[in-house]
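Novice: Could you put together the complete structure from these sequences and hints?
Protein chains: 4
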Amino acid sequence: MLAEIRSLNEECGVFGIWGHPNATQLTYYGLHALQHRGQEGAGIVSTDGEALLPLKGEGMVSEVFTPEKIEKIAGHAAIGHVRYATAGGSGIENVQPLLFNSTTGSLAISHNGNLVNATQLKGHLERQGSIFQTTSDTEVLAHLIKRSGYATFEEKAKNALSLLKGAFACVILTEEAMYIALDPNGLRPLSLGKLGDAWVTASETCAFDIVGAEFVRSVEPGEFLIITKDGMRAERFAYPAERSICTMEYVYFSRPDSDIDGINVHAARKRLGVQLAKEVQIEADVVTGVPDSSISAAIGYSEQSGIPYELGMIKNRYVGRTFIQPSQDLREQGVKMKLSPVRQVVKGKRVIMVDDSIVRGTTSRRIVNLLKEAGATEVHVVISSPPIKNPCFYGIDISTAGELIAANNTIEEMREIIGADSLTFLSVDGMVQNIGRTDPGSKCGHCLACFTGEYPTNIYPDTVLPHEKEKVK
Amino acid sequence: MLAEIRSLNEECGVFGIWGHPNATQLTYYGLHALQHRGQEGAGIVSTDGEALLPLKGEGMVSEVFTPEKIEKIAGHAAIGHVRYATAGGSGIENVQPLLFNSTTGSLAISHNGNLVNATQLKGHLERQGSIFQTTSDTEVLAHLIKRSGYATFEEKAKNALSLLKGAFACVILTEEAMYIALDPNGLRPLSLGKLGDAWVTASETCAFDIVGAEFVRSVEPGEFLIITKDGMRAERFAYPAERSICTMEYVYFSRPDSDIDGINVHAARKRLGVQLAKEVQIEADVVTGVPDSSISAAIGYSEQSGIPYELGMIKNRYVGRTFIQPSQDLREQGVKMKLSPVRQVVKGKRVIMVDDSIVRGTTSRRIVNLLKEAGATEVHVVISSPPIKNPCFYGIDISTAGELIAANNTIEEMREIIGADSLTFLSVDGMVQNIGRTDPGSKCGHCLACFTGEYPTNIYPDTVLPHEKEKVK
Amino acid sequence: MLAEIRSLNEECGVFGIWGHPNATQLTYYGLHALQHRGQEGAGIVSTDGEALLPLKGEGMVSEVFTPEKIEKIAGHAAIGHVRYATAGGSGIENVQPLLFNSTTGSLAISHNGNLVNATQLKGHLERQGSIFQTTSDTEVLAHLIKRSGYATFEEKAKNALSLLKGAFACVILTEEAMYIALDPNGLRPLSLGKLGDAWVTASETCAFDIVGAEFVRSVEPGEFLIITKDGMRAERFAYPAERSICTMEYVYFSRPDSDIDGINVHAARKRLGVQLAKEVQIEADVVTGVPDSSISAAIGYSEQSGIPYELGMIKNRYVGRTFIQPSQDLREQGVKMKLSPVRQVVKGKRVIMVDDSIVRGTTSRRIVNLLKEAGATEVHVVISSPPIKNPCFYGIDISTAGELIAANNTIEEMREIIGADSLTFLSVDGMVQNIGRTDPGSKCGHCLACFTGEYPTNIYPDTVLPHEKEKVK
Amino acid sequence: MLAEIRSLNEECGVFGIWGHPNATQLTYYGLHALQHRGQEGAGIVSTDGEALLPLKGEGMVSEVFTPEKIEKIAGHAAIGHVRYATAGGSGIENVQPLLFNSTTGSLAISHNGNLVNATQLKGHLERQGSIFQTTSDTEVLAHLIKRSGYATFEEKAKNALSLLKGAFACVILTEEAMYIALDPNGLRPLSLGKLGDAWVTASETCAFDIVGAEFVRSVEPGEFLIITKDGMRAERFAYPAERSICTMEYVYFSRPDSDIDGINVHAARKRLGVQLAKEVQIEADVVTGVPDSSISAAIGYSEQSGIPYELGMIKNRYVGRTFIQPSQDLREQGVKMKLSPVRQVVKGKRVIMVDDSIVRGTTSRRIVNLLKEAGATEVHVVISSPPIKNPCFYGIDISTAGELIAANNTIEEMREIIGADSLTFLSVDGMVQNIGRTDPGSKCGHCLACFTGEYPTNIYPDTVLPHEKEKVK
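Read top to bottom, the protein sequences are chains Y, A, H and E. full-length UniProt numbering applies: residue 1 is where the first sequence begins, and numbers increase by one. full-length UniProt numbering applies: residue 1 is where the second sequence begins, and numbers increase by one. full-length UniProt numbering applies: residue 1 is where the third sequence begins, and numbers increase by one. full-length UniProt numbering applies: residue 1 is where the fourth sequence begins, and numbers increase by one.
These are calculated hints, taken from the structure and not from any lab test. Remember, it's a predicted structure, so these values are computed and weren't measured experimentally. Hints are supplied without guarantee of correctness; some may be wrong.
Note that identical chains are pooled: a pair holds if it fits in a single copy or bridges any two copies.
[What the hints assert, rightly or not] Calculated pairs, SDA-like style, for lysine to any residue (alpha carbon to alpha carbon, straight line, at most 25 Å):
hint : residue 1 : residue 2
1    : K372      : S62
2    : K347      : G222
3    : K347      : D292
4    : K72       : G306
5    : K372      : V216
6    : K69       : G59
7    : K72       : L330
8    : K278      : G212
9    : K315      : L339
10   : K194      : D329
11   : K389      : T362
12   : K72       : G57
Specialist: Rendered as structure tokens:
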């Protein structure tokens with residue numbers, strides 16, 4: 001399960017709205033719905049047509065914003081961002097949207113994703129005299145826009161975007177317009193919606209639901225949308241490559257009530273669980289899922305296998321950033337955090353434990369142990385995705401290859417390490433077919449790099465993993 | 001569903017531990033596990049054998065305590081309390097444990113429950129010269145102990161406890177001993193456990209699991225346990241009445257991983273769902289449960305009926321106390337809070353929506369509406385408990401009779417009010433038999449007062465409901 | 001100088017107002033003016049005629065109150081309190097005003113002072129069944145009122161007050177009236193004022209100035225004032241003893257802009273400085289005062305002696321509760337706090353350093369050292385009060401006799417300990433005559449106990465010093 | 001008096017230390033001593049030789065830093081900054097030191113002052129492709145360094161500094177060195193000191209005293225100091241122009257215990273007071289000074305005139321950022337803030353009120369009124385500087401000419417506006433001679449622009465006043 005990772009490094013979420021008198025407040029609610037995509041920092045930049053008004057801070061959405069502060073930056077358009085947490089905490093300067101001032105007009109950017117040619121572009125820009133105040137890839141885009149030789153902002157932005165390689169879902173705000181762009185591979189999700197006459201964009205559709213907006217369509221790979229007081233125009237900054245949306249968005253990252261590219265996340269996960277039960281037959285008494293992201297797959301597994309679904313463990317909802325970690329001493333005495341087993345459910349039972357993925361294996365070992373201590377006679381681990389053997393360069397921080405348990409061990413070795421009675425992974429085909437995308441002229445519509453090692457873009461020799469950026473600085 | 005109530009008024013949770021070098025820290029973790037029982041305030045009083053050391057504050061456990069503060073009150077014994085939220089917020093003075101100083105020894109009390117003769121006792125005590133600094137029933141107990149004519153603390157406490165009528169699960173701490181007491185009807189749950197040589201008590205066993213303690217047994221009605229450095233002795237302050245544990249602890253209040261009197265809460269709820277599906281046959285496409293407390297019943301219903309269980313709505317985990325409520329204006333535009341429907345799951349479907357209870361009906365109406373707006377063609381509401389027609393005087397604040405929708409309407413009228421296509425309640429017998437208690441010589445082992453109006457104790461003319469206490473002051 | 005003490009233990013301040021639509025807000029401003037009298041906690045209890053509404057917390061006035069919170073307890077009458085800081089921090093329960101609820105009417109008390117018979121009274125009350133939730137003397141008064149056999153609240157209160165021995169300046173609030181009382185020796189200051197039709201009372205007149213109230217007169221020893229909607233009546237609960245107002249209020253404790261019993265504090269301090277220069281002749285180049293409380297005396301000394309007054313050291317205004325204390329290591333390297341010498345002013349100069357008092361001597365030694373390191377060739381310490389040889393039982397916490405440097409050393413020994421070139425104290429007569437009270441039929445109008453050992457009241461064998469109360473608990 | 005201004009817009013303070021194991025902590029203490037120079041924000045960037053480690057935030061020094069946070073950025077060198085408060089609050093991005101990352105080495109800058117050619121330089125840089133993330137002049141310097149064609153960092157920095165016009169006192173930190181620079185006119189103060197083997201720099205010497213460092217010398221106009229592990233080298237980036245240090249640093253801005261260019265501030269202010277008493281003879285009973293900055297001058301005036309110095313008003317120390325402003329209603333009823341008159345001192349007296357300056361006149365009018373209401377029969381205002389008739393472009397925000405009372409009124413008109421019985425300003429010559437600089441080959445060593453309109457540098461047509469920067473953005 002990716003919870004171990006998610007607690008350290010998460011992706012980001014973006015939101016934007018143009019043409020609504022309550023744009024700033026609605027962005028606040030939109031960010032609230034995207035909170036699971038990043039808890040380190042949150043920000044909004046709005047505009048009243050005169051200036052760009054920033055408000056951001058470290059922490060959760062509810063910590064950063066107050067009614068008074070939001071009132072101060074009221075505007076008819078706004079973009080927002082939630083930022084993933086990094087181990088070291090890189091400080092307020094990296095909290096987005098980034099805002100760039102200029103005598104010829106200002107510019108704010110919210111960005112989700114990771115560029116693979118950021119190092120090259122930075123070096124290039126620095127040699128021309130650019131200086132960087134953040135360690136964020138987003139700043140590269142701003143410099144490229146500014147330096148572009150084209151005449152209009154629109155042309156400058158398209159030119160700059162065409163130079164980026166990797167994953168990026170961006171919303172750009174100026175005093176006159178909001179711009180939306182998605183990388184040519186469509187690696188990250190980005191949706192377009194309407195709320196009355198206002199245009200809305202968000203990483204996930206759950207942010208549309210919270211503000212009452214209607215889903216219009218997904219932003220297409222390579223697309224560049226321009227939204228002004230005169231309405232919306234769709235252009236392109238690049239020919240779309242083969243669509244390669246991140247599989248992990250379906251498997252564990254997005255909220256179950258979101259539709260990613262028209263496919264509901266809960267429904268897809270349930271199908272993955274059904275498929276798992278088709279691929280493997282295990283005799284057991286109960287099926288349970290690691291909360292929260294594996295519940296849907298566990299229900300599907302139970303439905304298909306006929307083995308009853310039970311709440312085998314529950315998550316402590318109140319373990320947040322201010323939770324006092326137990327000392328090593330107390331941990332050894334058995335003080336639990338986050339997950340508690342439901343003793344009466346698992347005691348004396350053969351348990352099928354459904355999880356969404358295994359990264360380093362430490363969490364899986366801990367959960368198997370938890371269930372066994374609670375009296376489970378057998379624990380069979382079934383994973384609703386294939387083994388992760390390769391690092392991700394597109395924004396999900398799943399460690400370096402050296403840390404990935406599946407990169408260095410056979411499945412049998414992994415089973416032994418985590419202490420399970422059996423260990424099963426979903427097949428790549430089983431996963432792809434059951435997520436159920438039908439991208440015309442595309443192999444499968446997904447980026448499968450972390451499973452297969454086939455990256456949809458070039459990976460440059462000095463491409464930097466998200467979690468390594470801190471060290472660069 | 002009782003979420004509407006729970007967000008305003010909840011019960012409390014108590015915890016105590018005697019004889020462990022990390023007693024204070026372990027109490028912190030125990031209170032963490034009981035956080036769902038009260039979020040208004042939290043406190044710990046510990047002892048190092050020399051003095052009673054208090055630490056308390058308004059807010060959540062993680063807001064009140066810091067490592068430094070906990071370190072300062074380190075002791076070998078400690079009791080703790082989480083307090084339910086009240087609409088007005090009655091301030092720090094009511095946060096427990098209450099601490100009473102005296103030149104002849106101090107005394108701290110954590111208390112869960114509500115007394116039905118508090119007004120009488122207070123009047124009596126005031127006429128003798130007592131003054132009250134809180135609006136809490138707990139203070140009455142302290143005065144009664146102090147005034148008792150008996151010679152030893154033990155005798156004084158037993159004498160005082162014998163005068164109380166109603167619901168009370170108490171832990172008392174002095175420099176020399178920890179005392180545990182449960183009302184003669186056993187209206188509230190209270191468990192006894194061991195962690196190595198240390199004795200532990202808690203409202204729910206989930207607090208044992210988090211600290212690694214083992215469940216020993218339930219505290220019995222009318223029991224008075226004395227724990228000192230010489231070990232534990234069990235005595236009685238009253239003959240036990242017929243056991244009448246609150247049904248709602250099973251139906252919605254406790255954590256699913258807790259065992260209440262030896263019965264697992266999740267398992268009981270699932271059985272209620274199974275029974276529901278036996279009592280009513282509805283043709284539908286999907287079963288869904290109102291998160292979090294109705295998930296188990298929904299799974300049981302699905303299992304029994306064969307209709308697939310789906311995540312029909314999800315709860316926004318991040319809507320906490322600092323969430324900025326949308327203005328009326330924005331609410332009308334569709335800004336949602338707390339619950340989001342999963343559109344693709346319910347659209348065009350006949351939905352069975354399982355909930356644990358209906359109090360005023362407003363929340364049910366809102367959820368039915370949510371599902372219909374999301375495209376459900378039919379919404380059938382099935383409730384895993386009988387209609388609530390009477391107020392609770394024992395600590396769960398379910399409004400006055402005037403506000404209870406079931407007290408004033410037929411089921412058909414209720415169905416119309418909440419806008420459902422059908423509305424079904426579980427039968428009283430179906431509920432009692434499936435929770436599955438087997439109390440020898442007892443009618444059913446439960447307090448069913450809110451359903452049947454038969455209160456297990458006298459109700460005095462001036463008995464005060466929990467939510468009315470604020471006004472008294 | 002008493003700064004060392006003041007930083008640990010200070011007296012308290014009380015404020016009350018009756019009959020003004022903005023009573024709560026005005027109390028906030030009044031407490032602001034009294035902030036120097038206590039920084040550990042602050043509280044207000046107001047009334048709208050229906051109930052007593054409390055609001056209190058630990059910390060400074062500006063930390064405890066917000067506009068929203070104040071708005072919530074708006075009333076036409078209010079009493080407030082600032083509490084002195086104690087080393088250990090005894091927690092929120094001791095923050096005043098204390099509020100006592102009762103079915104026959106509530107009662108709130110703000111109290112400045114210390115009782116000498118509190119232990120006796122507590123023992124007596126406990127034997128009758130009273131229990132105590134705070135370690136404050138104030139609670140004793142509430143119990144005595146409650147237990148009094150008299151018929152009316154007024155008679156009960158007068159009866160209770162007549163049993164108290166020691167120092168107390170009290171304001172009591174009920175829904176119907178505000179009561180003001182001062183101990184028979186008038187040990188602590190208490191003033192009465194008017195703001196339009198509203199009656200106001202405060203420990204110091206600087207609180208009248210901030211709200212625009214006019215000084216009417218001092219509350220007299222033994223007086224009991226009753227203020228209701230029908231106006232003010234003055235009664236007595238005791239025959240006044242010889243007036244014995246605390247000398248230290250003039251010497252260092254009160255704000256220089258306050259008038260204590262009609263005598264301005266700054267003016268009195270300046271006269272003490274003038275007198276000092278008459279009592280001792282020292283050849284020197286500059287006069288300087290330890291900020292803030294000794295500035296007035298230093299100016300007086302300079303004026304009389306003709307030696308120019310200079311800013312020889314300045315106080316760091318920003319060293320507050322959140323200041324990070326330098327490690328021992330850094331302190332030894334010279335990191336300063338609180339006071340910085342003004343090098344160019346003292347370098348190569350013979351300096352007269354005026355301070356208000358010496359308690360343990362540690363601070364004086366530190367300041368003398370500071371000036372010498374900054375280049376002063378001679379440092380002559382002159383103190384604007386006599387040597388403190390005895391503890392105070394009336395509310396100013398000047399340590400036990402064992403810690404008082406003057407109780408155990410000759411002046412020459414003290415001079416050597418603090419490293420000064422000379423050390424001079426003001427004579428008792430010089431002090432008394434120059435504060436300038438003219439109490440008819442009174443020896444001097446002052447309590448001089450800390451200097452002379454003659455206590456104006458009985459001191460009981462088990463009288464507890466303020467700073468020892470923490471330990472009792 | 002400039003208090004009205006200071007509360008809105010203040011200058012900044014810089015600090016730097018190289019070569020000390022506790023560099024970060026010592027910077028914290030240094031910033032503490034400079035807190036009066038800016039209360040909006042504070043920051044430290046330190047280095048351990050490997051990377052530049054930032055820590056900054058909005059608010060006071062004691063709010064921004066905690067021991068844990070400081071520990072995390074421990075280093076052997078550090079620079080710090082306190083930022084002046086602006087009305088609107090321009091947000092975290094402008095809090096210094098600014099940090100610029102680059103693949104070829106990072107760079108942090110602390111800057112005090114205001115450039116007069118910032119708009120030109122920004123336009124120039126933007127046309128070359130630079131983008132700006134702050135509204136601070138400091139960012140201009142970073143861009144110029146980065147773009148400079150010279151080979152070494154040293155040469156780049158000198159080249160960049162030589163392009164700046166206006167006031168700037170800068171400290172620059174890289175992983176390898178600390179650089180110190182002062183503008184060619186020496187408009188702002190900057191001192192150099194040593195603490196053992198470590199080099200220290202600060203805006204004022206009071207920051208040396210707090211850390212125990214010794215003053216070595218002032219940084220000279222046009223100087224560029226390079227400090228590395230090999231020691232300190234002094235170079236120049238420009239020929240020094242005529243020294244023109246800001247007069248206001250002596251008159252009201254700096255702390256009295258600081259020496260600015262070898263002249264103690266308190267001593268200089270006292271001489272200004274002496275000179276005032278020579279320039280004007282007024283018959284009066286008492287002399288009083290507006291706290292805190294005018295106390296020294298008032299003492300000097302008293303000494304020279306023989307009229308006794310008194311504490312005529314006192315400042316409320318606890319009115320900080322969280323103080324609840326009284327409503328208009330309460331203000332009209334007389335609720336005071338900040339200053340309270342000492343009634344007994346001024347009642348029935350002819351008062352000489354010494355202040356350091358008059359800007360808009362509103363505060364002076366309020367204070368005169370305060371004294372008259374308190375009973376002063378006459379109030380004579382004497383100002384220890386000449387009339388301010390021109391705006392400042394070098395960092396002290398004294399409004400535009402339109403708001404300056406002295407720019408638009410005769411002294412008699414001003415007297416009438418503020419309601420004084422007489423109004424006297426110090427002569428320019430009297431001020432300059434008594435501050436007492438003796439700069440060889442310089443007219444007077446001071447910038448007198450705000451008094452005389454003679455600016456020591458060119459003022460460009462689009463030079464932006466500090467308080468107008470917010471609007472630009």
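Novice: Indicate which option fits the pair K72, G57 if close means a Cα-Cα distance not exceeding 25 Å: within, between, both or neither.
Specialist: both (15 Å within a copy, 20 Å between copies)
Novice: Could you figure out if K69 and G59 sit no more than 25 Å apart (CA to CA) within one copy, between two copies, both or neither?
Specialist: both (15 Å within a copy, 16 Å between copies)
Novice: Taking 25 Å as the upper bound on the Cα-Cα distance, should K72 and G306 be classified as within, between, both, or neither?
Specialist: Neither way: K72 and G306 sit 56 Å apart in one copy and 54 Å across, limit 25 Å.
Novice: Between K389 and T362, at a C-alpha cutoff of 25 Å, which is it: within one copy, between copies, both, or neither?
Specialist: within (16 Å within a copy, 50 Å between copies)
Novice: Checking an output row: K347 and G222, CA cutoff 25 Å. Within, between, both or neither?
Specialist: neither (53 Å within a copy, 31 Å between copies)
Novice: When Cα atoms must be at most 25 Å apart, do K372 and S62 count as within-copy, between-copy, both, or neither?
Specialist: neither (38 Å within a copy, 30 Å between copies)
Novice: Tell me, please, which holds for K315 and L339 at an alpha-carbon limit of 25 Å: within, between, both or neither?
Specialist: Close inside one copy (5 Å) and across copies (19 Å); limit 25 Å.
Novice: Given identical chains, is K278 near G212, meaning Cα to Cα at most 25 Å, within a copy, between copies, both, or neither?
Specialist: Answer is neither; intra-copy 38 Å and inter-copy 38 Å both fail.
Novice: Cα distance capped at 25 Å. Does K372 pair with V216 within a copy, between copies, both, or neither?
Specialist: between (48 Å within a copy, 20 Å between copies)
Novice: Is the C-alpha distance from K347 to D292 at most 25 Å within one copy, between copies, in both cases, or in neither?
Specialist: Both: 22 Å inside a copy, 23 Å across copies.
Novice: At most 25 Å between CA atoms: does that hold for K194 and D329 within a copy, between copies, both, or neither?
Specialist: between (54 Å within a copy, 18 Å between copies)
Novice: Check K72 against L330 for me: Cα-Cα at most 25 Å, and say if that holds within a copy, between copies, both or neither.
Specialist: between (47 Å within a copy, 18 Å between copies)
Going through the hint list in order, the structure does not satisfy hints 1, 2, 4, 8.
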